[in-house]
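Novice: Residue numbers (our numbering), protein chains in the order written: chain A, 57 to 607; chain B, 68 to 168; chain C, 24 to 194.
Just so you know, not all the hints are guaranteed correct.
As the list claims (entries may be wrong) - Simulated crosslink set (SDA-like; lysine to any residue; CA at most 25 Å straight-line):
{"no.": "1", "chain 1": "A", "residue 1": "221", "chain 2": "C", "residue 2": "103"}
{"no.": "2", "chain 1": "C", "residue 1": "103", "chain 2": "A", "residue 2": "90"}
{"no.": "3", "chain 1": "C", "residue 1": "153", "chain 2": "A", "residue 2": "221"}
{"no.": "4", "chain 1": "B", "residue 1": "161", "chain 2": "A", "residue 2": "90"}
{"no.": "5", "chain 1": "B", "residue 1": "120", "chain 2": "A", "residue 2": "90"}
{"no.": "6", "chain 1": "A", "residue 1": "153", "chain 2": "B", "residue 2": "94"}
{"no.": "7", "chain 1": "C", "residue 1": "85", "chain 2": "A", "residue 2": "72"}
{"no.": "8", "chain 1": "A", "residue 1": "93", "chain 2": "B", "residue 2": "121"}
Keep in mind the hints are simulated off the structure, nothing from the lab.
Residue-level listing of the chains:
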Amino acid sequence: MYRYDEYDHRILAERVEQFRDQVGRRIAGDISEDEFKPLRLMNGLYLQLHAYMLRVAIPYGMLSSTQLRKLAYIARRFDKGYGHFTTRQNIQYHWIKLEQAPDILGELAEVEMHAIQTSGNCVRNTTADQFAGVAFDEIEDPRVWCEIVRQWSTFHPEFSFLPRKFKIAITGSPHDRAALCVHDIGLRMHRDAAGEIGFEVMVGGGQGRTPMLAETIRPFLPKQYLLSYLEAILRVYNQLGRRDNIHKARIKILVGAVGAAEFARLVEAEWQASRNEDLELPAAEFERIHAHFALPPYEALPAETPAFHAKRFENREFARWVRTNVSRHKQPGYAIVTVSLKPEGGVPGDASDRQMEAMADIAERFSFGEVRVTHEQNLVLAHVKEADLYELWRNLGFFDLAAANAGLITDIIACPGLDYCSLANARSIPVSQAIGRRFADPERQARIGELKIKISGCINACGHHHVGHIGILGVDKKGEEFYQITLGGSADETAALGDIVGPAFAYDRVVDAVDTIVDTYLGIRIEGERFLDTYRRVGLQPFKERLYGAR
Amino acid sequence: MTQEIVTANRLRDGAVVYLAPEGYWSERLADAVVVEGEVAAAELLGTAEAAVKAQIVVAPYRADVTLESGLPVPRTTKERIRSRGPSIHPELGKQAEGQPA
Amino acid sequence: MALVKNGTLVADDEWRFVAEADEIPAEGAVVVTARRWLKERDRFAGRNAPTGIKIEAGDDIKALAADIDRFGLVAVDFPKFNDGRGYSTAHLLRERYGYKGEIRAVGRVLRDSLLYMHRCGFDAFDIVDKDPLGAWRQKLGEMSVFYQPATDDRTPARELRHPRRPLARAS
């Protein structure tokens with residue numbers, strides 16, 4: 057993974073001192089809250105229900121064991137012993153004191169981490185496929201480009217006060233694990249007819265109160281032009297994006313208003329006028345960054361690992377976990393492991409300081425000291441020998457990290473919701489916990505198969521409810537929590553926005569409603585169908601009838 | 068007539084605080100000044116401005132309460148959670164510090 | 024509010040900003056709105072004193088491109104400190120239209136915007152601060168390394184890392 061050099065370190069050190077000065081001026085009364093708020097947000101610091109919340113960037117989800125231990129230390133020393141991994145591959149701490157924030161940033165800088173641009177109307181943390189570099193179907197490692205974009209966008213002088221926040225996601229595989237279609241810019245690497253590698257550029261996706269799927273404005277951009285093309289998109293948006301209404305300020309509204317074809321024309325014209333070799337990355341710098349993402353020194357192993365298959369045969373629980381949480385690796389004899397942060401009754405995405413430290417140890421022992429964070433709020437060990445899987449699984453079990461549910465109904469995405477967030481209308485976490493308990497039976501989960509539930513506590517959709525196979529949105533009805541359910545959403549390469557099934561359900565009726573939906577699906581599915589397949593075949597009607605028919 | 072209190076977050080640590088008598092800010096809802104009616108509530112919020120200017124609290128606002136056994140009780144889920152702590156973590160926040168909800 | 028240019032306070036600014044409805048004085052350097060310039064540009068032809076324009080957020084600067092060399096000053100207005108359109112305006116004035124004269128940031132020009140403005144091509148700043156010169160000195164000295172090339176002569180990190188400028192590009 058990327059390691060800082062003296063320049064990266066100096067930029068970070070200067071930034072920490074800058075923020076220390078700003079916090080000092082705020083506490084001394086030299087600047088008002090109105091002036092301070094955009095400055096603290098640019099450093100990831102929000103004021104939430106119970107305290108300040110610090111959102112720390114995990115660039116494209118990559119962590120070293122050293123970094124993870126630092127995150128554990130911060131949780132213990134400055135927070136209440138835990139952190140929350142988010143749908144943008146970041147981590148949030150919920151109990152932060154303003155006066156300690158500069159010290160925390162100082163601690164993070166020691167391990168090459170920061171909270172820069174995790175909030176504010178700027179380019180946010182660029183996210184990536186969590187299987188980058190190891191997916192068997194990958195064309196090129198997107199992390200190299202994520203790091204290039206990270207450096208280019210950090211403190212970009214022209215694009216730090218955009219109309220609204222700006223999120224970029226990149227994948228190098230045909231199968232989209234990074235939810236490209238709901239990003240302001242989604243970049244998919246592929247080969248053109250001549251075998252050259254470039255990006256399909258999709259623009260204008262996003263969730264929130266006006267969900268939209270990104271549209272392709274350029275089917276193929278030769279990869280060496282990425283930075284100048286991104287500048288062209290951002291310059292058009294910076295000039296023409298709406299600034300009169302915060303709810304209409306995202307780039308998706310601009311793309312929707314002028315149409316994708318016209319937007320593409322505007323970008324192309326700007327690009328042609330501004331294209332300049334100086335903007336593109338010098339070859340030596342590309343090579344320098346690229347070298348950081350060399351794959352670890354794998355052993356030459358046979359494609360089949362008999363001992364591993366024997367263990368699967370002997371131990372049903374292990375076999376179940378392998379079926380759901382282990383994915384194919386491009387290197388023979390190795391596997392990719394998804395470590396679920398969704399134990400029964402747990403808080404989706406939360407990890408205690410002990411669990412983080414355990415993961416750091418486990419990563420060092422089994423996966424070259426590297427851990428990844430997924431937008432589905434799980435962790436990934438990307439380089440595990442098949443022969444080690446059983447021992448790894450046993451170790452994960454000691455720390456409540458061995459839930460065998462990746463991709464199943466209890467692998468729920470949930471935002472912090474009204475338990476923490478000042479924007480929320482309703483709680484998300486207790487709903488996810490209740491669903492987790494209702495569907496705890498592993499046999500039943502296996503029978504149901506792939507089913508993604510995503511829960512947001514308000515219309516801002518941090519919990520990605522629009523693209524959940526079952527989406528749950530918390531709303532406020534006269535001070536009471538209600539939940540609106542959508543069906544048929546999807547965030548992969550067949551992306552779709554969910555359809556609202558009908559009137560919202562009260563807090564104590566949501567789990568029953570989900571149960572009814574699942575039951576309906578099991579009753580009408582054809583052999584081999586997943587929930588999404590069934591939904592796409594039959595539509596809303598059968599679910600509507602079962603949910604509301606009695607009324 | 069609805070009863071109201073004034074609440075905010077403390078600047079230095081972000082803690083939830085309530086405007087108590089004589090301009091004091093308490094971490095306990097039970098200490099909050101409870102007023103009735105638009106005029107009194109607006110006036111109470113007005114007195115909070117001094118604490119904003121003195122860098123003590125951030126963004127004070129009014130919240131509805133009902134009085135039960137003489138103590139203010141929040142009317143919305145959000146204020147209930149602010150006054151206690153996260154509903155999913157009874158061991159954290161004010162609820163864990165032995166304070167009345 | 025005070026004008027800082029080339030790192031010093033300018034006490035006697037020669038430019039007079041003329042409001043939309045006011046008469047344009049016969050003598051002296053004046054700054055008019057871009058809108059007014061486009062409407063009344065012929066009136067300025069015989070005027071024997073420097074003219075500047077003020078670009079407001081949302082103005083289309085393409086319309087001004089042909090006249091750009093006639094301006095002694097271009098003021099770019101920031102209606103709010105977080106309205107970032109002016110950054111692109113300055114960038115385009117320098118890079119696309121080759122404007123070499125003074126580009127002055129006016130409006131909500133706060134301490135924490137100065138470095139970004141300078142990187143985008145501004146060279147004069149009407150700063151809103153108790154201590155404008157102190158603000159300027161602090162903010163311009165706060166960061167010493169930059170990742171991306173911009174409209175200034177600071178050498179970005181990616182070139183500092185490879186002292187001899189390579190000819191080949193990433194492929």
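Novice: Each of the hints needs a verdict: does it hold here or not?
Specialist: Now the hints, each set against the structure:
1. Pair hint residue 221 of chain A plus residue 103 of chain C holds up; C-alpha atoms about 17 Å apart against a cutoff of 25 Å.
2. A hinted pair counts as satisfied when its Cα atoms are at most 25 Å apart, and residue 103 of chain C with residue 90 of chain A qualifies at roughly 12 Å.
3. For the hint linking residue 153 of chain C to residue 221 of chain A, the alpha-carbon distance of about 31 Å lies beyond 25 Å, and the restraint is violated.
4. Proposed proximity of residue 161 of chain B and residue 90 of chain A is contradicted: the alpha carbons are some 28 Å apart, above 25 Å.
5. Straight-line distance between C-alpha atoms of residue 120 of chain B and residue 90 of chain A comes to about 12 Å, which keeps the hinted pair within the 25 Å bound.
6. A hinted pair counts as satisfied when its Cα atoms are at most 25 Å apart, and residue 153 of chain A with residue 94 of chain B qualifies at roughly 15 Å.
7. At roughly 40 Å between alpha-carbon atoms, residue 85 of chain C and residue 72 of chain A are farther apart than 25 Å, so this suggested pair is violated.
8. Proximity of residue 93 of chain A to residue 121 of chain B is assessed by CA-CA distance (about 17 Å); at most 25 Å being required, the pair is judged to hold.
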